[in-house]
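J.: Take a look at the letters that make up each chain.
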Amino acid sequence: MLSKRPPGWAERFFEFYCRDELSESILGDLQERFHHDCQKLGKMRAQLNYCLNILRFMNRYTLRKTRYSQHQNKGFGIMLYHHLQTAYRHLAKHKLYTALNIFGLAIGLASCLLIAKFLVNELSYDRFHDNTETIHRINTHFAGNSGALTKMVNTPPALIPGLGNVFPEVEKSTRLRYVTRVLLEQGDTRFYETNGFYADSLFLEIFSFPLVSGSRSTALDQPNSIVMSEAMASKYFGDDDPFGKRINLNNEVTLKVTGVLAAMPTNSHLQFDFLISFPTYEVPEGYFSDLSSWSWLGFLSYLQLKEDVDPAAMEGKLEQLYRDNTSENRADYHFNVQPLGDIYLGSGALVDDLASNLQGGNPVTLYALGIVALLILLIASFNFMNLSVAVSVSRAKEIGLRKMLGANNGGIIVQLLTESIVLATGALAIAYLLGVLAFPYVSEMMEWHIGIDWTQVLLSFPLALTIVALLGVLAGAYPAFILSGNRALAALKKDVRSGLRSGYGLRKLLIVLQFSISVALIASTIVVTKQIAHLSDHELGFDRENVLIVKLLPQDMAEHYQTLKKELLKKSFITSISRGERSMGDPWPVNNLLVDGQHESEVKQILGNHVGVDFIKTMGITIKEGRSFSEEFSADRTNSIILSEKAVDYLGLDEPIGKKVWYFPLDGPRTVIGVVEDFNFLSLHHEVSPMVLIMPFIDVDYMFVRLSQESIGQKIAALQAAWRETAPGVPLDFQFLDSRLNKLYDKEENLSSLISVFSGLAVMLACLGLYGLIAFSVSRRRKEAGIRKVLGASMISIMVRFSRQYIVLIALASLIAIPLAQYLLNYWLEGFAYRIEIGWWVYFASTTALILLAIITISHQAISAALVNPVTVLRDE
Amino acid sequence: MKANLGEFEEIVLLLVAGQHDQAYGLSITEAIENELGRSVTLSSVHTALYRLEDKGFVESRLGGASPTRGGRRKRLYIITGPGKAALKKTMAARVKLWQMIPDFVIEGAH
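Chains as they are written, first to last, in this note's numbering: chain A, 1 to 877; chain B, 1 to 110.
Any given hint might turn out to be false.
[Unchecked claim] Label pairs and their in silico Cβ distance ranges: (1) B:Pro102 <-> A:Arg45: 44 to 52 Å; (2) A:Arg12 <-> B:Ser66: 17 to 25 Å; (3) B:Gly37 <-> A:Arg45: 15 to 23 Å; (4) B:Gly63 <-> A:Leu506: 22 to 30 Å; (5) A:Arg12 <-> B:Gln99: 29 to 37 Å; (6) A:Ala477 <-> B:Arg61: 15 to 23 Å; (7) B:Met91 <-> A:Ala477: 54 to 62 Å; (8) B:Arg61 <-> A:Leu506: 42 to 50 Å.
These are calculated hints, taken from the structure and not from any lab test.
Note that CB positions come from ideal geometry on N, CA and C, so glycine has one too.
Given the sequences, and given the hints that come with them, work out the whole structure.
T.: Written out as structure tokens, the structure reads:
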């Protein structure tokens, strides 16, 4: 009988968890029960019951109490209240550190919140469509025989209709053609509109742009249909319901409003005010192309694929389709199927030949901002930790006393962590307040065009709270564990030195890290700013100042251009007038060129622009050889061409003047009449390309006016008056060429101002932390300063003694930061064709600036240390 | 201590009183199983006993080791003054409520 014993391991487990005073009687009961069970139910069941009972006994009466919970168990609420109360008293006693700590962290957190909001917005582009996952855009890649790969978002018009039955994996497809400029007229209301597309009928079925009225499936089916935004509709129809109303297009056709769009979500790469049904589109005269073309890259193509179709697998089939339909044997032609979700951030390398308002984001900006946010959070956290550690040292005595009165380590750790978490949470609350207040300004400055989304703010709360609580724990942990581990007696002894020493190494490390980050950020700010300035000042090869770009309707241009030119040139302040298809700052279209006499396979792709007489003079381009277009040579209109130097090289011409060149798709060769020096009409992200100029054989809509140098303001007014006189009713819609060119660097300028603002903040935070630390250390070393003074130290020597260690730390920090910054900045600069060299002075300046700042920060406290009155501080010794 | 007696606690307390000075966890568990035909786990009886002790209705001492218990002592319970008062109070309340039932309700029709 007695040989039947309950399982020993279960017994040991029970003894492990059960309180000693209960363990004996319970184990006794269990064993007695085990014996009963053995007799009644057999050994197996008895053992099972025994084990189950061991588990069932685990409850709050039997579980061992930890040393800490013995004290805390009954009065947790009371203790928490007590902790909060001491936390409040402690914080109120050290007002300066509390303020530095809370505001430093709050500013850091607020910056991170703002940046996070921006990042979330950038990543949310085009995600609102029901079919985001399956929508794709087709891009065209071609190498040309120069070897450089050109990637375009544009596709030929025949591509989408050609998909037809060949592609079972395509659910729906649609084409877009951008609207250059149309005149819409309803009653007396007339406006030029540019921000729209001609769209195939399935467009609204594929994309879920919100509709107020009209049918997604039929709105764009019929010719002469228009779908417009509510804002645009109210311009023409006032408060009337626009649906079904009629509106006149270009004085030619009447369109019927078949749908009204709700406000366009800002996070869409396609932005438009209106859509006109595709059948309404007519190819303009002089284009030598029609909608059955496979070579006219002038359209956007979107596909909605069936579920689980691999887009990459489609690319080959598309290329096959292209080869089947065209006689040109272009092996370098490729189609790339790009998912909708990648379009906004992944189109930086793609050229849009049509200047059609497609929104694109810059992933580099996102990375840069993400890194900056992280760095700011680091600096703010380091400050927080540093100040917490420094200030907590002064509490060694309090902790010692607590321990004497019976507090255990656990209790003290909980107390210190509570304090630190309270502080961090307070900072978070202020951060949200700051963030919400600052958001509209930041959003406007950065041209984010987004408002505060309160649901997002609410949703971010749990995450932010978790991070901050974690930060509180991290910041509080070090002092908590150090202080709680001190022996009570040692803490109660007046051992100031040991108090100051504890956590000293960590503090130094954190300061070095903070200032490394600061040096790197200052250097980045200098380099980014210099690079942007370099871009906008760089010699472009033409004179960008004092040129107005006037946009005209093709029919106005045809009717009024010659009169306007003749009349306006009579004014003394207008030096030259010309016109063209594209302006400087626009992308120019790619054309096929062939030197006369060469084989057709030698066709080369060269950028080209259709420009009027005097274009070269108006833009200030230098003629190297030959002459410009002229009214005197009537053949210029149809038979002449001007090349840039690079184009001459590219075409391999030795004596270019007088050579004949075929410019497709025109029939007949053109004679080279002139060579101009290279100029860069696009942003300096790109190298200067070979290019050609010919006189217009299509409608052009830009007019260029060069003004003489001084007092532009008055001249604009005079120009407007003269314009009204000469061509009443034709609007003078102008823009300065240099501001248009500067727009190309908007993204970099935004990046540069963002980085400046946030590096400024980061440096400020670092200095704030430094100030707090030195203030604290000075307050602990007043007596030392007093004694030194008594012994004859000068004020200067005391100041130096109190601040030199920080200067050394900053110098050390620079040494760490410089190679890192050098590496990252070079990486960024590689994205530019024209870039500055980073001189050593950049780092020297950053370090010096930071040391100066640090000296200013420190000086207040150092002076106050040097000014102590020995009598006051030494009195109580 | 102003504490109420739950239904299960009442049963345990009654049995503690009934097995005066010989009541311990297992004896009460078995009494409940045998006398009331109710299945109950050992741990819930123990828990009820600890709770009663917290409320001051019972007191315990250690004693009565035996070989079947592996030489371990029992925790033996006796009822305290407040425990008796609490029992009487519940009893009185029950009787009062019983008396309010008209005879025919329970005795009469089936």
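J.: Could you run down the list of hints and mark each one as holding or not?
T.: Results of checking the hints against the structure:
| no. | hint | verdict |
| --- | --- | --- |
| 1 | B:Pro102 <-> A:Arg45: 44 to 52 Å | holds, 49 Å |
| 2 | A:Arg12 <-> B:Ser66: 17 to 25 Å | holds, 22 Å |
| 3 | B:Gly37 <-> A:Arg45: 15 to 23 Å | holds, 20 Å |
| 4 | B:Gly63 <-> A:Leu506: 22 to 30 Å | violated, 58 Å |
| 5 | A:Arg12 <-> B:Gln99: 29 to 37 Å | violated, 55 Å |
| 6 | A:Ala477 <-> B:Arg61: 15 to 23 Å | violated, 46 Å |
| 7 | B:Met91 <-> A:Ala477: 54 to 62 Å | holds, 58 Å |
| 8 | B:Arg61 <-> A:Leu506: 42 to 50 Å | violated, 55 Å |
Violated hints for the displayed structure, listed by number in ascending order: 4, 5, 6, 8.
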